[in-house]
Structures are given as C-alpha cells and as structure tokens.
Amino acid sequence: MDNCGDFIQLLGPDMSMKILMHLDNPADLIRVCLVSSSWRQFVTANGLCKELCLKLLPEISSVAHTIEVNNLIDPVKLKQRDGSELECLRRNQRVYAFLARALNPFTRKDCISEAISASSTDNYPEESIHNTLEPQDRIEHRASYWSSEGQNDPAVSETLIYKLMAKMCLVTEIHVQPFQAFFQYGFPIYSSKAVRFRMGHPRLLEELHSDTGDSSTCSHKFADNKFIWTYISPEFPMVQENCLQKFKLPEPVLCIGGFLQVELLGRVQRQEMDGLYYICISHVQIVGRPLLPRFDIEMLDATGRCALKYLPETKNCMLSSSGSAKGHNGAYSLFHTFTARLLLRGTRGWEQMILNTLIPASPACANDADDEPPLHPENCS
Amino acid sequence: MSTATGKTKKITLRTADNQEFEVDEAIAMEFGTVKTFFDENPDASEEPIPLPNVSSKCLSTIIEYCKSHLAFRAHDSSSSVEDEAKAYDEDLVKAQDNESLKEVILAANYLNIKGMLDMLNQAVADRIKNKSVEYVRRFFGIENDYSPEEEAEIRAQNEWAFQGVDPDDD
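As they're listed, the protein sequences go chains A and B. Just so we're aligned, residue 1 is where the first sequence starts under the numbering used here, counting upward by one. Just so we're aligned, residue 1 is where the second sequence starts under the numbering used here, counting upward by one.
Hints may be right or wrong, so weigh each one.
[Stated by the list, open to error] EDC-like mimics (lysine to aspartate or glutamate), calculated; alpha carbons at most 16 Å apart, straight line:
1. K10(B) x D43(B)
2. K18(A) x D118(B)
3. K248(A) x E59(A)
4. K114(B) x D14(A)
5. K57(B) x D118(B)
6. K18(A) x D126(B)
7. K131(B) x D24(A)
8. K67(B) x D24(B)
9. K86(B) x D118(B)
10. K35(B) x E82(B)
11. K246(A) x E235(A)
12. K129(B) x D301(A)
13. K86(B) x E103(B)
14. K131(B) x D166(B)
15. K94(B) x E46(B)
16. K226(A) x E149(A)
17. K309(A) x D296(A)
18. K309(A) x D118(B)
Simulated from the structure, these hints should not be mistaken for laboratory data.
This is chain A alone, in the form it adopts within the complex (with noise of 0.2 Å):
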C-alpha cells in the first residue's frame, strides 16, 4: 500500500479520535487543522480542542458557558462577527486551545500583582492596603495589616481592590487573614462578618493601557466606581480567628480584566479606644491559574468582551541591575531585596513608588540600569 489515502477516512473517525487525542499540546491541534481542511472539519466537529482543554483544565468546565454562550472571548480582534454556526464552532475551538496553552498549567499563591485601592484607610500609609500583600502580620517592630476608617454602625462594608498578574486569570480560591492587634488591650480580632468577591475590568479602556500613574495617591481613594464588576460571588462568612481563612469558589471563575474586589461586610469589632467599629486585614491572597507570560488580553467593550493575544517577544521590565545595588548600605539591600520579590511580577508601579520613597533623587540609576553599565555608589546619589 504505498498511498493508503487519506488517513482519517481509512481508519475511520473513531480510530482517527483516538490517535488525536494522544496529542497533548493544544499546538499539535492546531497544526493538525492546517493539514487539510478536511481534517479541521473532522477536529472542530469533534471538538477536539475542547476536549483537550477539558483533560489538561478540568477547571474549565465551569467556564464554559462564558466561551460558548456569552461569547466574551474573540479568539482574535474580529471586526464583524460571523454569526454561522460553524465560525461559532472555529471560533470556540480557536479559544479552548488557546486556554490550554495560555493559563498556567499550575495553579499560584501568588496571582496578586498590586493593591489597588481600599474604600477608606484609617492611617495612611501606615496601615494602608499594601499591607495586604505581606504575609506577616509584623515586619521587624512595625504591624503590617490594612485598617478601614471607623464607624459607629456595624453595618458599613468595606472593598479592597487587587490587580492580578495577568488580564485573565482562572481564579479558584482567595485567602484573606483578619488583623489582631497584638498591640491592644485583650488582642481584639478585627475581621468581618463575611465576605464577597468581585471580578472585572477598568470601566475606561485608557486606565489599563496606564501601568505607570500615581499608584501612591490612588490607593486611599476610593476607586471602586472605575470598574465594571463582571463576576459577583456568594457570601463566605469570616471567623473572628487570627487565621488565613480559606475562600473557595463554588466554582472557578475566569477572571478576564484582571482585577479583582474583596468586599468585606459588616465590622464585628470596637476599637476601645475611640468606641467605632473597624476592619483591619493582615493578608489577601488570590490563587489560581493566570496566563503565562507571552499570552495577553485585550478589553473589547465594556460588557467584559476581549480578544486573545499573543506576544512572540517577551515584554520584560524586569532591572537587570543587581549590580548596581550591591556594594551599598543596609537601606539599599532592603530595597533590592523588597523590590526585588516584587520585581518578579514585573510591576513597574511598584518599583516608582519604592523608588520614589527611599531614592528620591535618583530614579535614573534603576530605570536605566539595563541600558547602561553598573553604576558605581557614587555616582547613584
């Protein structure tokens, strides 16, 4: 048999099935539609892409209603949309392979890239909402935790907004750890009553194109009209515990936007002191399955549609200038190490802010590092 035709009809769609789905890389389906038209018909009438999606995410089954029924993913910026049964069909196949290879294949901790904006603050920057970040509820002598402002009614909530590290996020879980104040008399527990959680996109399209802007003045205002809410969860109720309290999503939620609302509702502790209700928190933390580096979104509108991206050049702000930082006193190796962990997320607001705070007069040494040579110490100040 020196031309046995073609393969998918010889063997038949069930045998040709079965060698297909012992590909696991969404890429090798792909490929696999371009070999012939035929073949893409045989992979998008079986979905294929789907089904791999489903091996490799089992999380994604939950999700899709909002590939298929809402339609909120365009695999690619489209300036009409085919409304055909068989380009819904491309369409959806196009969106699940780029999911499996686009979101993480592990899930992270660590999917908070920034803070925000916090609804009120008691004492800023002391007790701000970049405390959150921070495990620990103390770093050296000083407490970290964020306090909201306080109330005499009970009943006031409170919102805390994140930017995730990616624009689209499979979200599963958020922790969130009230604040005891071991500084007060009798340790009072400072949580809420319960809590519920938020996730969208900017309201205005030009705020997520700005990475940079005065990140240190926004994050006691209250922010929270700047963003369209997409997803709203169920209530949790919180524990008076000094404890990570764990929040799982009844399902996973795709965050697509990337940012992300802990509401927390009503106060269940007075401060001796003054007499008003507060909430302090010590730590949030977002775990989940964000897109890996190279893979993007685009907002389309403001219903939460977006387009899927991908970026074959990694965009990297990451300083390559540890040179620059050694050599000089504690103050500095504090910063790189502080602004080094957070450099990891790439966030570029982070690093102005730092910046701004210990090295006023000298932004240029970090942000040119990469282009220029070390600078010495003495030519930093």
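Start from chain A and add chain B according to the hints.
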C-alpha cells in the same frame, strides 16, 4: 473449546498475499475478529481463516507482538516485566517506518486487537507531536487543499501554535 488431547490447538490464518500462518490458539484468540468468529462458529472446520485485509508482513509483526505480550502477562506483573514490555513495544514501533506503521494499525484495527491498537495509536501521535504541518501531511499522505490565503490566515490567527516546531529533517 478445550481439546481432548494435550496438544495445543493450532489455527491457520491466510493473508491477503496468500501466505498461511499457523499459530497457537491462544495467540489467535487475541485477535478480536478471530475470537468472535469462533464464538459464533464453534464447529468451524480446520480450514484456514482468510484475512484479506492483512499482508503477511503485518501479520507476522502482529503475531510476534501477541506472542511476546502473552509471555509477559504469564509472568507475575512486576514493574520489571512492565518495563520489558514497554521496551519491546518501543523497539517494535521504532523498527517500523511510517508506511509500515500505518499498515500495522489498519491490520490491528481490522483484527480488533485492542491493546496493540492503543499502543500503536499513541505511537502515531508521538510521531506527529511537535512536527510541522508539512511533515504531518507527508506522514499521512494528505493533499493540502487550502489556498495560500486561507493557510496564511489560519497561521496568523493562531500564531502561538506555530512557534518552536521541530525542523523537518527527514
């Protein structure tokens, strides 16, 4: 279907190119189609069973596979025997070029030998993993029926899927 005498019953199979193979009953029963045939015809005569879709080359490969795996299974299932079986499978597959691999799959499919088929399917998938579209076309003997524009469009829409592909060196 036990035999009165202690002699192992042999079954004769005739291939497409008119070659006859005599195999132990146990081996022939590994072939789902043969087994079904005998289940439905318990009084079948000793005539050779025709297999018009299987060449002698394929059949001898398949017979070797079944013989070896029967022997493996006869041992206690330990990890070393499993490794041996795996190594045997890998060698068998390696010895096949793409054409023969396809033939063997079709034969195994026709003869309904589940274990071998699963193994072969995985082997085919492994052969096309991370290969370029052209390689896969050649492997399966498929004609490209996309226009250059269509092909370019699909590539552009799924750019990420066409990165890091193995170079075609065959």
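| task | For the pair we were handed, K86(B) and D118(B), check the Cα-Cα distance against 16 Å. | result | holds (13 Å)
| field | Restraint status (C-alpha distance of K86(B) to E103(B) at most 16 Å) | value | Judged against 16 Å, a Cα distance of about 21 Å means the pair is violated.
| Are the Cα atoms of K309(A) and D296(A) separated by 16 Å or less? | Satisfied, since the Cα-Cα distance of roughly 5 Å is no more than 16 Å.
| request: Could you grab the alpha-carbon distance between K226(A) and E149(A) and see if it respects the 16 Å cut-off? | output: violated (21 Å)
| said: Run the distance test for K131(B) versus D24(A): straight-line Cα separation, threshold 16 Å. | reply: holds (13 Å)
| message | Between the alpha carbons of K57(B) and D118(B), is the straight-line distance 16 Å or under? | response | Not satisfied, since the Cα-Cα distance of roughly 20 Å exceeds 16 Å.
| message | Next pair to validate is K10(B) with D43(B); report whether the Cα-Cα distance is within 16 Å. | response | Roughly 15 Å between the alpha carbons, so the hint for K10(B) and D43(B) holds.
| Would the pair K67(B) and D24(B) pass a check requiring their Cα atoms to be no farther apart than 16 Å? | holds (9 Å)
| Given hint D166(B) paired with K131(B) - CA-CA distance at most 16 Å | holds (5 Å)
| request: Mind checking the alpha carbons of K248(A) and E59(A) for me, to see if they're no more than 16 Å apart? | output: Roughly 13 Å between the alpha carbons, so the hint for K248(A) and E59(A) holds.
| 16 Å limit on alpha-carbon distance, applied to hinted pair K94(B) and E46(B) | Between K94(B) and E46(B) the Cα gap is close to 36 Å, so the pair fails against 16 Å, i.e. violated.
| request: With a cut-off of 16 Å on the C-alpha distance, tell me whether K309(A) and D118(B) pass. | output: Outside the cut-off at roughly 36 Å; violated.
Checked against the numbered hints above, the structure violates hints 5, 10, 12, 13, 15, 16, 18; every other hint is satisfied.
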